[in-house]
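> Single-letter residue listing:
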Amino acid sequence: MSVWPEERVTTIDSFNTVDMTINVGPQHPATHGVFRMVLTVDGEVVVDCEPYIGYLHRGLEKLTENHDYRQSMGWWDRTDYLAGLCCEGAYCMAVEKMAGLEVPERAEYIRVMMMELSRINSHFMFLGAFGADVGSFGTSFIYAWRERERIYDFFEEVSGDRMFPTYFRPGGLMADLPENYESRVRWLLGSINQGLEDLDGLLTGNEIFVERCKGLSPMSTSRAVNLGITGPILRATGLPWDLRKAEPYSVYDRMKFDIPIGESGDIFDRYFVRLSEIYQSTKIIEQCLEQMPKGLVLNPDLPKTLRIDNAECYIRTEGTKGEYGVYAMARGGVKPYRMKLRSPSFCNLAALKEMVVGNYLADAIIILGSLDIVLGEVDK
Amino acid sequence: MTFLFSDPVFGVWNWVDAIIRILVIVLVMTFVVIYLTYGERKVVARFQQRLGPTKTGTAGLLQGFADTIKLASKEDIRPTNADRWVFEFAPYLTFIPVLMVLVSLPFAKDWGVRDLSLGMFYVFAILGLNIVGILMAGLGSGNKYALLGGVRAAAQMVSYEIPLVLSLLSVAMIAGSLNLNEIAMRQSFTPDNGQYAPFIFLQPLAFIIFFTAMLSELHRAPFDIPVAESEIVGGYFVEYSGMRWSMFQLTEYASMWAFSVFGSIVFLGGWAVPDTSDWWGPDWGWQLGITFIKSVAWILAIMWVRITVPRLRIDQLMSFCWKVLLPMALVQLLMNGFILVYDWPPILLTLTSGAGAALLVAIIITRAIHRPKSKLVGTYKQVGVAAR
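Quick note, the sequences are listed as chains A and B, same order. Just so we're aligned: 50 in our numbering is position 50 of the first sequence, and the numbers increase by one with no gaps anywhere. Just so we're aligned: 1099 in our numbering is position 99 of the second sequence, and the numbers increase by one with no gaps anywhere.
Check before you lean on any hint, since a few could be wrong.
Pairs of lysine-lysine, DSS-like flavour, derived with a Cα cap of 30 Å [said to hold, decoys possible]:
(1) B:Lys1070 / A:Lys353
(2) A:Lys245 / A:Lys283
(3) A:Lys214 / B:Lys1144
No lab work stands behind these hints: they were computed from the structure.
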């Protein structure tokens, strides 16, 4: 397929119109990173869409294969960089499963708490950026940013880094939480609930917002499953499929929470499912705080150098964008033989073309926004 | 020779007077625009729980000047495939109509550049010219985003001009004049002019239609479709830089100011206050102050709308104009005609227009709100379904 689709000429009697190709991205405020799509528009209506990815390819899988198990922690933060800890969690779980390492219970609880905070962080980013895509002049963005800053501050306190904490280790955690963590997290939860209410009030009931989002690019559950879509977009179609419930990992089986689902899988449902998930995540964090035991956070039997003999596993976790799967293979030595990432953003992006074609140009932007892609994850 | 000096219209002194007044207007406008940009940044920042500019001068008061200096020193870039003269003249052609509108506005009873007897007609005749410059910028830039922005702007402005003019006409019918000074005077309670109240109370529907159409003409949210930053990255001025870009910025804020003064004259009474005494009457300082307060309130309303609502889509925008605003404006014009011709009591003006305004709001709300019906997504605090 050519980079620039041939110009299509439509003839209506004697009146000729020529379709126009518009290049959106890689530098465009609405592409959420370095994503590029070439839209063919007939006036304002999109007739063709071709996505181009790979601008942020860093060779994650190959890098991991060439580094020590603990050295490559940092790369995995940078896949879904809005929720780095969820990715770290999946990677660590894969390594632990291959090595047969036990994780102390306290570490599991802290992991779940931090992963849920990451999820909240990522969903807030979606809400803010989506509001900006629909055109609310950055107000939603700033509202969301306030809470994200506070979460990042907590991450910094815990691990020393805001965006890429590199806090988990195969076999546990880098360090225990700071002493005042409980009051800090409780304050954070109150602040998150407040921010959620602010955003809900700003966007959910807004007539223009509803008019723009309701009924736009609906998707049936079967189509979503066939396309391999997971995460909030799948749940927006009405299927309560959440790996935290369906195949509980870590200590998620001890948590009580609900799976928010939508009705028709349209843009509004996707927005609302994510909004609701933030609230569910706060509930999980509260339960973590209540149930958290005392003890070690790193497996004391962890060898100085982690060597794994022949082993192979596939770990799938509920990332913020969908099923975040890590396929790992070891053939002895200190490095993995193969590491493969099943990134949810990449798979969800497959639906872009069929969602966009036939809609208005302005809608194409918010459809892309509603997919909530993270380019670090798409391009690996 | 006597003609040269003594003629009231073509005489030299008249020209000198006009030029001085225009110079004053231009200077004031520059100052106003600089502080409007500063003010908008501050207001928006406070709405968004930020501080806005704080570093330049006390509370960032010199921010506008710093921005101006920066813009003036920037390189003026012209894209290779731009149509040279069209591209270079477009910013000025968008700016001139706004300046020409400012010429006709009475800021105080006796102070405008010229007191035109067909002032309102002049304003909406001139305002339509704005689109020429915008289309030129869109077509001449040689950029597809700019082209889309220019075409969107043209479609939008042509459509919204009609309800705008109709809403103003229904006010002019009641005022019985197209002279802006006269219209302002009619809205005070002085016994000798025999008129009622500010027209916002007499014609709330016209006010709402005017405000909506004005937002569209100004390309402010929720009608900022031609400059939609998240879609077409600034629209028609995407290729401009330096001074030419700042001309667009100047135009945007100057027209916001012009519209707010014009709107406050037509609907809020301009320099007049609803008061029977005439203590404020001869004092032009008070009148300027009153105009200032009213237009600032108007501008704050525009900013408030901007930071609260998202953007409409182009087809929703068009159908809102042609299916809702235009019929309502026409019906209101018709009702006003009946009431005025048959000399029915003026309270009917308020009642019919108020009913129309209520209907308009009801239409907007019922059309737009499709709250999810399922209990699953009713409110986020009640969602929940158990998985296996």
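> So, for every hint listed, does it hold in this structure?
Each hint, compared with the structure:
no.: 1; hint: B:Lys1070 / A:Lys353; result: 42 Å, violated
no.: 2; hint: A:Lys245 / A:Lys283; result: 14 Å, holds
no.: 3; hint: A:Lys214 / B:Lys1144; result: 29 Å, holds
Of the hints listed earlier, the one the structure fails to meet is number 1.
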